[in-house]
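If you read the protein sequences in the order shown, they are chains A and B. If you're matching positions, the first sequence starts at 131 in the numbering used here and goes up one per residue. If you're matching positions, the second sequence starts at 4 in the numbering used here and goes up one per residue.
Since the hints were made in silico from the structure, they are not lab data. Be aware that a few hints might be false.
[Said to hold, decoys possible] Label pairs and their computed distance ranges (CB to CB):
#1 D58/B to T436/A: 38 to 46 Å
#2 L453/A to S116/B: 22 to 30 Å
#3 L47/B to N658/A: 17 to 25 Å
#4 I374/A to E9/B: 45 to 53 Å
[As the list claims (entries may be wrong)] Stretch by stretch, here's where chain A covers chain B in the computed footprint (C-beta under 8 Å, at least three residues):
#5 19–28
#6 74–80
#7 92–98
#8 110–119
Glycine included, each C-beta is placed from N, C-alpha and C at the ideal position.
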Amino acid sequence: MLTSAQLLTPFPPTSEQPQYSVAYRSHIHILNHDALLNIFHHYRLQDVGSWNLRLAWCKLARVCRRWRYLIYDSSSLLDIYLLFTNGSPALDSLAHLPHLPLVIDYCNETATRVQQDELSILTGLEQRARVRRIFLQVPPPHLGICLATMSDLYPILEDLTLSSTTEEETSMVLPSTFSARNLRHLALQGVGFPTELPIFTYFTTLLTLTLTRIPARYYFHPGHLVTQLQGLHHLEELSIGFAIPIPLPSTEGDLLPAPMPRVTLPTLKRLTFRGVAVYLENLVAQINAPLLERLIVALFFEIDFTLVSLTQFVHATSGLRCLSAKVLFKSGGVSIVTNDGEFLSSGGLTININCEHLDWQIDVATQCCAALEQVLYAVDELTLELNKDGMPSDWDDSLDSMLWRGLLLPFRGVKKLQIGSSLTFELSDALKSDAAELDLNPLPELQKLEVQLEVNHANMLFSTFIETRDLEGRPVELDSRLSSTSQKIQTWLSPTDPWMNHNIARERQHSGTGTWWIHGEAFSKWKNSGPSSLLWIHGKRQYFCRPVLFCDTHKLHVYSGSREEHPLVRLSFYNLSPGRMTPHRSVPQSSRISVLCAFGDWLRLHSFIATSGRTERRNSVGYSNP
Amino acid sequence: MIQLCEQSEAYCTVLSDFYSANGNGSQRASDSELQQCLLRMLKLPGQPPVYVVIDGLDRCPVTRGSPSPREIALVIVDELVKLHHPNLRICVTSRPEVDIELVLRSLAFHSVSLHDESGQFQDIAEYVKFVVSTDRKMQRWEKADKELVFQVLTGKCDGM
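Based on the sequences and whatever the hints tell you, model everything.
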């Protein structure tokens, strides 16, 4: 005789019966609210695109009064909002619906199309108390009209992106009276940020701040920026980009001294900058970013670069360690990328410099690399490539081999050099040793040279270099295994590099973990199993109902993430009133602990505990502010 | 496919033919054409074992297109399994989302639930212990608090 609990838990599907068998049926009204919300959530996941765009949730809300109330009461949990996008119905036509949050999402390049939707956009923007997200990418005149309406408080706004569709300089600026106390993402592209608007007062919850294509008239001094940033304790991504090279060389003198002590940005993981080198130097001289994983810099062309502060900044930031580097010459500029910038999840440094002629590109790259010598000496693998698309046909005319040797000099620790097919001849010439230049002998630690040529051809081109190194007792292995056809196929398929993520995971793996699996029976059985056998490794289903975190006055979080550079466990403790930190020994009885832990990039568990006892012991914990 | 080519000339020949059939790279191959080429490579006789690992299948989106990328991926897994290739082994890691479970449960030769594995628990306990005892910021904590963190994290992690 089966119990009711056994009846409610169906047997898992088998190969003979792939569907779940229904052993027990009941009316749906026996399901409690949590169960219903889980079902609604799965219904939403079946077609997320239609959920808000086509009001798919209305179908559920019409079933019965209980469902309707439940859905309206759980709009945040079920991610329900009214979406205003290109060609969607006007707000008036949805007046019969409850006052749900609004999302305004318009992207139009043409003024005519925008004109048709302008009334809807403006009506939405005027509903300040309901707007949760704004994304507007429209031509300047229309964006200016929208900006004029945004001169007030948006209490629930979380995400604001305003982007001008033109590259031309405009006078558009965010109103200085605009405020949004719950803003998490702010992006202004081609729109000025008023210097009189205090970010650290009105936007303390920001996670990402993007100010790009900043018009010249809204230029701000790096010192002003740093002052604004020091109140943003949760900021993870910062992008600053100027539309033109500013300040002009004549006024650069104002930026040269770095006057203030460094401000720590404790949660910053990604920093992007576009502008002139002297501004960057002044900015990085004033900040510390201990958790920074990626620094992306785009510099306007200058004849001379000074990057002393940048070198110190990179050197002091462990997440920016340079293990490999690639120098890529292409139409429009040169890029220096460490730890392969194509994989944005990995840490590293990217420097792009706008510049046309190849000899200038080599010169600025040499200057940059020489300035960063202290951090580049740790590079093990170096790749030099040239993308000929868009380059002038005479790109290789009158190139001095000494230019190349100068570029290679800062890479003193390189053990493996990869040379792209377009640069093989240039580099083979540059690597030929000359007795007079022994003091400039590049790549002293080189052990392997990889070129994309047929073996015979490669041997012929690099024989002098290989022989010289043999005589010096520092042999170099020449690897030229790629034939031209397989190289073309590889370019055609452009596969992703699986080793990048593999290596990152291996680096972060705690020694000894996972051996139970490698040496376990299941793994061994699978390796020796029958035809096309499938092994499925799974965790638990993602929790849908997130824990309601805290209603109390004080919070105490303990959380970790294996993908982040955060420590496994970190304590942060703060008062809900902004700017008022409570001393750590005065935690009240109502304090709670939440535990959020994540072990693995595809298995993530949010577990939660709320405890009420043992307060005394927790009170003695030394907390650190976030 | 590139990785397979590095293993054997026979694989290279199949891929090279495929490249030629697409105008020596002047045409872009569709996903289904690429899939067919992979199947042709896998069907080659006399090759050493091939291990296909698909990590994080649940991260494959279900929201774009019809069929969605995840549905396409599941169909590919289904086809690979039904190929009954003697030297092919497939490993998929994912959360047991409903749609994934529906397909994989019936196809899997063996499935492993990580949160039921004692080795996983031990790994987590080992790691938590390591961090709690070595993290610089936690050195100021009292022993009892470290113990509480260790107990809660290992006790409530449920294999994750």
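Hints, verified against the model:
no.: 1; hint: D58/B to T436/A: 38 to 46 Å; in the structure: holds (44 Å)
no.: 2; hint: L453/A to S116/B: 22 to 30 Å; in the structure: violated (36 Å)
no.: 3; hint: L47/B to N658/A: 17 to 25 Å; in the structure: holds (21 Å)
no.: 4; hint: I374/A to E9/B: 45 to 53 Å; in the structure: holds (48 Å)
no.: 5; hint: 19–28; in the structure: holds (count 5)
no.: 6; hint: 74–80; in the structure: violated (count 1)
no.: 7; hint: 92–98; in the structure: holds (count 7)
no.: 8; hint: 110–119; in the structure: holds (count 9)
Consistency with the previously given hints fails for numbers 2, 6, ordered from lowest to highest.
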